[in-house]
Amino acid sequence: MDAFLHQVIGGLATGGIYASVALALVMIHQATHLLNFAQGEMAMFSTYIAWALINAGVPYWGAFFLTIAFAFVLGLAIQHFVMRNIRTTSVLQLVIVFIGLLVIFNSVAGWIFTYTIKVFPSPFPKGDLLGQKYLSPHELGAIGVTLVVLTLLWAFFRFTSLGLAMRAAAQNPGSSRLVGIRVAWMLALGWGLAAAVGAVAGMMVAPIVYLDPNMMAGILLYAFAAALIGGIDSPGGAVLGGFLVGVLENVLGAYVVGNELKLGVALVLIIGVLLVKPSGLFGSVQVTRV
Amino acid sequence: MSAVAPAATAPLSPAAASQRRLQWIGLAVVIAVACALPFLVSNYRTFQFTLVLVYAIALLGLNILTGYNGQISLGHGAFYAIGAYVAAILMDRFGVPYWATVPVAGALCLVVGFLFGLPALRLEGHYLALATFALGVTMPQLLKNKAVEKWTGGVQGIVIVKPDAPFGLKLSPDQWLYLFTLAIAVVMFVIGWNLIRGRVGRALVAIRDHPIAASAMGIDTARYKSLAFGVSAMYTGIAGSLGAIAIQFVAPDSFAVGLSIGLLTGIVIGGLASIPGAIFGAIFVQFIPNIADQISKAAPWAIYGIFLIGFMFLMPMGINGAIRLGWARLCHRIAAQQKGG
Chain R
1 MDAFLHQVIG GLATGGIYAS VALALVMIHQ ATHLLNFAQG EMAMFSTYIA WALINAGVPY
61 WGAFFLTIAF AFVLGLAIQH FVMRNIRTTS VLQLVIVFIG LLVIFNSVAG WIFTYTIKVF
121 PSPFPKGDLL GQKYLSPHEL GAIGVTLVVL TLLWAFFRFT SLGLAMRAAA QNPGSSRLVG
181 IRVAWMLALG WGLAAAVGAV AGMMVAPIVY LDPNMMAGIL LYAFAAALIG GIDSPGGAVL
241 GGFLVGVLEN VLGAYVVGNE LKLGVALVLI IGVLLVKPSG LFGSVQVTRV
Chain C
1001 MSAVAPAATA PLSPAAASQR RLQWIGLAVV IAVACALPFL VSNYRTFQFT LVLVYAIALL
1061 GLNILTGYNG QISLGHGAFY AIGAYVAAIL MDRFGVPYWA TVPVAGALCL VVGFLFGLPA
1121 LRLEGHYLAL ATFALGVTMP QLLKNKAVEK WTGGVQGIVI VKPDAPFGLK LSPDQWLYLF
1181 TLAIAVVMFV IGWNLIRGRV GRALVAIRDH PIAASAMGID TARYKSLAFG VSAMYTGIAG
1241 SLGAIAIQFV APDSFAVGLS IGLLTGIVIG GLASIPGAIF GAIFVQFIPN IADQISKAAP
1301 WAIYGIFLIG FMFLMPMGIN GAIRLGWARL CHRIAAQQKG G
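Which chain is which? The protein sequence lines are R and C, in order. FYI, in my numbering the residues of the first sequence are 1 to 290. FYI, in my numbering the residues of the second sequence are 1001 to 1341.
If you're looking for bench data, these hints aren't it; they were derived computationally from the structure. Think of the CB as a built atom: it goes at the ideal place given N, C-alpha and C, for glycine as much as any other residue. Do not rely on the hints blindly, as some may be mistaken.
[To be verified] Where chain C lies over chain R, by a calculated footprint (3+ residues, C-beta under 8 Å):
hint : segment
1    : 13-19
2    : 73-86
3    : 95-101
Let's have the full structure, built from the sequences with the hints guiding it.
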């Protein structure tokens, strides 16, 4: 029972990481109606910037916020200089562009910072948390940061007029332009915000999985699964999906199929859920006019 | 139900007829060059071109599913792996001759693909991408599994012997394999072309463009969609078996998810929903990583990524689309000059 509890809580901790990356995916989907395959690599790249800043002597929280600013500008720039100039409406062609961005970030990070694995500091204290061994302070802290980011985003989209304009621009670019929303800037803003959320996720993940150019590959896949199982248009669903995927992965790996097959089985289970509920657990059913 | 295509029976205008004649001549030249190729280049180059043909068959299969039927697949590497392993296991454990493994691989993949297509009917867009992605991710892990190690050879994989040219032909094994692959590729392309331009092809395109209208016209959407999955998997499985025979080696890690993504990249770069696009895409998949490596040893994948984005930027309709556009402009300009002069 003790071991089982350990697995579940460990799953919740990694689930927090999946949740924050899934949140970034949902964000960019809300702002652009696209799923960004390069999201994980952008987060990885931002985390390297944070690492470089900390190594140069910048205190942790200073580097943290500088990196968020950097990631925001990076996302903005990608939308402004790359995505905006690709004149295609086909999802598949955009997917190829995302794959291109993915390999570029991965390769450039390896080139600048080398492929050796680096230790990334945690802002949270070391040692046992309240005398228990299930959850380290960093893991709890990462979950807390995820929840704070979620609340901020929810409030931004729900209560500010900018958030409303962004949602409108994504849902109906034509009508939004007619009422005076600058759609291109709203998209760029969406990219910037998503990149910033991704950077937070990257900095929370790096102390656990260590920093290397391929650290996000597995995480991105789980985050995709989390975002889809929760419903791609539901930030809350993405967070819950993240925790669910984390727990499922750990428990299945420990008790049912062993570590090798856990990824496959977790995905198959998720697809099982999707077959019953094709738009995810909390996603809204898409109705289109014929 | 009339299945007569009016375009085929109506008399062609002189311009269209000369265009058609040019196309046939072009095709004959391409096939002649393809046949002569192994006698003009080194054995290693011949081997590379064999792989181009292998990828071309796989890409044609994926194009039937994704290009013509609009179902995205990020897991076709799994069908390629099944085809490759069927060939390797049959040759290595049962002593089946190499040529007999190809139809078996195709038939098995047809069944597996059809069965996978049935649940996939409920999923669309991103969700279908995730489901197929799961297939692609799981396949190498399944192949490494202890339970099937007796057959698959586990992580080590299987080494197979390269077949020699039969009937006492004076060809190197590489040249023979190239010609063998070329013959199968031609057959597969003719079948694919007939499938696409006929009733089935029109049904597939109708489902892609407007599923509701298609079913209102009496097209059995579910049947055609799972059929497309099956046929597509069959093509990819055949390509996988040919690839395994050419490379003489199969191992789970050669069929990681990168292969599936590479195949999808190939059809978009080559040109979606086009038959020549499969060949252009195959050339891209085979040679661009090498070129990228030559340009920059430090960050070859960055160069590859720039190639990907550059292609989408310059030719959003793929290489085939760009060639068509260029050809149409050329014809237009010539016609204008004739009118003016």
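Here is how each hint holds up against the structure:
no.: 1; hint: 13-19; verdict: violated (count 0)
no.: 2; hint: 73-86; verdict: holds (count 3)
no.: 3; hint: 95-101; verdict: holds (count 6)
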